[in-house]
Amino acid sequence: MRWTRVRRRLASVGAVAVTLLTVGSLVPVATAQEDSPRVLRVALVQEIDHLNPFTASFASSAMIGRFAWEFLTLPSAEDATPTGGVAESWEASEDKLTWTFTIREGMTWSDGEPVTAEDAAFTFNKIMSDPKAAEANGSYVENFEEVTAPDERTLVIKTKQPQASMTALDVPIVPEHVWSQIEDMHDPVTDSVEVVGVGDGPFLIAEYRPNELVRMTANEDYWRGAPAYDELHFIKFENADAAVNALRNGEVDFVNRLTRAQFDSLKNEPGVETNQASGRRYRELLMNPGARNADGDEIGDGHPALRDVRVRRAIAMAIDPKVLVDKVLGGYGELPGGLVPPIYEDFHYQPSEDERYTFDPEAANALLDEAGYERGPDGIRVDSEGRRLEFRLTGRASEDYAQRASDYIVSWLKDVGIAVTKNLVSDNEVDETTSSGHYDLAFSGWGTNPDPDYILAKQTCAALPAASGSSSSNAFFCDETYDELYAKQAAELDPKKRATLVKQAQARYYEMVPSFVLGYDNVLEAYRSDRFTGFVQQPEGEGQIMEQTGYWGFYGAEPVEAAGGESSGLSTGAWLALGAGALVLVAVGGTVVVRRRSSIDDRE
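Heads up: the sequence shown is residues 1 to 604, going by UniProt numbering.
Some hints here could point you the wrong way.
Said to hold, decoys possible - Straight line, CA to CA, 25 angstroms or less: simulated DSS-like cross-link-like pairs of lysine-lysine:
#, residue 1, residue 2
1, K160, K422
2, K126, K160
3, K414, K327
4, K132, K158
5, K132, K458
6, K96, K414
7, K458, K496
8, K96, K132
9, K322, K158
Since the hints were derived computationally from the structure, they do not count as laboratory data. These numbers come from a predicted model, not from an experiment.
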C-alpha cells in the first residue's frame, strides 16, 4: 500500500517552558499556539525495555522501532501480504537457497547519508556474529549462510536450507555508519537519541525520557511521503485508568489495551471513536519446565515439580479459559488453542476434543495423584521429599488482566491442592525474572504475525539463552520432536504443506505444555475523533490500529482540520503522566514485487 503526502514545512517551535508538578499528576508540556507543531499523543501503559532495535523485545519498543527504521519488506495494510520497504523487489534462485533483494533507489537516512545494500548487509551480519545483537531477531538469521552486498543496490542472502519466511524478515535495517561504532550492544548509549535518532522510517526518534516520553518527529524525507502531522508522542502512564481519563480530558489522542469496562464507557463519549478487532496476540501461563541455558546447565530457581509434564497438564486442566475470556476480558476475546491466533486462520491450531485440556478439576486431581503428589494435612500437595506444591505466580502490577486473572488462578489451583502466591511486579521485573528462569508460574504472551516462523522459533532449543537472562524465549522449551517439525515447516515453501507442519508443531507444544495459552484478546482501542481522522486498520477496514505488524495506523492519520473538518481547539502539547516509581508464500522462483510476512515480536 503506497501512501502519498504533500510535503510541507515544519512550523517553527517557540521555547517551551515545562513545569513538573507532583508525582502522578498530569503535566502540560506546551500550550496551544498558532505555530505549535501538530502532535498525535499516544498513551503507553507498558514500559519500554530498549529503543535499541537489536535488543528491544517489549511490544511497545518494537512498535516504536517500526516507525523509526524501515524493514526490507513489511506486511501491507490491506491484507498483511508482503510489500516493499528498503527493498523494492526480490527474487529467489531456482534452488530456493539464494535471495536477491533490489534496494530502493533514492532512500536516505535522516542525517542525509544514502540507504544502501551495505546497511542491510551490516545489519544481518551483526546479528549473525554478535550474540548480544541477536537477542531480538536472532531466529531470523539462524539459517543464513552468507549475506553480501555486491553493490549499493543489491543485497544477496544465501541460506543453508530453503527458508519460507524470507519475505517476513521483520528486522529493522540500521545505518552502518552509526551502528558500526557500537562495540557493546548492551551499552546504554545504544538507547540514546544520538544513536537511535538516525532513521529512515516515517517518524524519527527525537527525544527519549525513560518511563516518561518518546517523542518522534515526522520524517519530511520519508520515501512514501511525509506524515500529515508534525510529531508523534508516546506518553507513559502508570495504569490504564489514568490513560483513559487523559483521553476523556483531551490530554492524549489514542489509547489501546482497554478493559471491557473502559471500552464500553468510551463508546458514547463525545469526540471519541472506539475500535474493536480480532487480535494478533495470545496470553499464556508460563510453567517453568526446568530452565536451562544453551549448554544444558540449569538456571533460575523454578519449582522442580513443574519439570513433570503431568503436573503441567494438571494445571492446564484446572484452569477454565472460558471464565477468563468471559469475566476478565468481558467477552472481548477468543478461546485458546495454539500459539498462532485465529486471525491467521491458515496457521491456527485448534486441538480436537480428545486432545483439548478442558476444565476438569477431577481429572487434574487424578493426574496429580498418579504423579505421586499427595495432599498434606492442609490440603496442599507435597512431593516425595515433602516439598509443598507451592508456586509463585508472577505478573505485571500495571496490567488489569494479571490483577484479576491471578485471583481465579489462585482459587482454581488451590482446589486441586496447589498453593499459589501472587507476585505482581513492574514490567521490567517480570521480564528479568522470566528471562532468567526465576519464576514458577507467570503471565506472559507475545504478538504473532502473518508468517508463523518467528513465534515458532522462540520455542526451539536454539532459543535457549547463552547465559541467564539473555533469552528471547521465556518458556525454556527444548524438545527434539518439536524442533524437527519446526525445521520442516521452515523449509517448506508449499503453503498447504507448510500449514500442516505448523499445526503439528503447535500440537506438540500443546501436548508438552511448557505454557498454556489462556486466550486471544480482542483489540480494544479508542481515539479522539475530534482531533484526528484517517487511522488505518490492518487488515484494512476491520483490523487494529496500534501495534500493527507495520506502521500504517498512525502513519495514515491526519489532523481533523487537515481532512476538512474543524479544529477542536484542544491543546496540541503533550501531557506527561508521572507514576510513582516507573513511568513507563511467498511466490518463489520469479521476481516478487509487493505482495505476502514475522516481527521483532512482541513480548507481553
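Quick rundown of the hints versus the structure:
Our distance criterion of 25 angstroms between C-alpha atoms is broken by K160 and K422, whose separation comes to about 46 angstroms. Between K126 and K160 the alpha-carbon distance is near 18 angstroms, which keeps this suggested pair within the 25 angstroms criterion. For a cut-off of 25 angstroms, the pair hint linking K414 to K327 stands: about 19 angstroms separates their Cα positions. Note on K132 and K158: the hinted pairing holds, with a Cα-Cα distance of about 23 angstroms set against a maximum of 25 angstroms.
Of the supplied pair hints, the one linking K132 and K458 holds, its CA atoms being roughly 16 angstroms apart against a limit of 25 angstroms. Among the hinted pairs, K96 with K414 is inconsistent with the structure: their alpha-carbon atoms are about 53 angstroms apart, more than 25 angstroms. Using a Cα cut-off of 25 angstroms, the hinted pair K458 and K496 holds, with the two alpha carbons roughly 22 angstroms apart. A C-alpha spacing of about 29 angstroms is found between K96 and K132, which places the hinted pair above 25 angstroms, so the restraint is violated.
Restraint check for K322 and K158: not satisfied, since their Cα atoms lie roughly 46 angstroms apart, outside the 25 angstroms limit.
Checked against the numbered hints above, the structure violates hints 1, 6, 8, 9; every other hint is satisfied.
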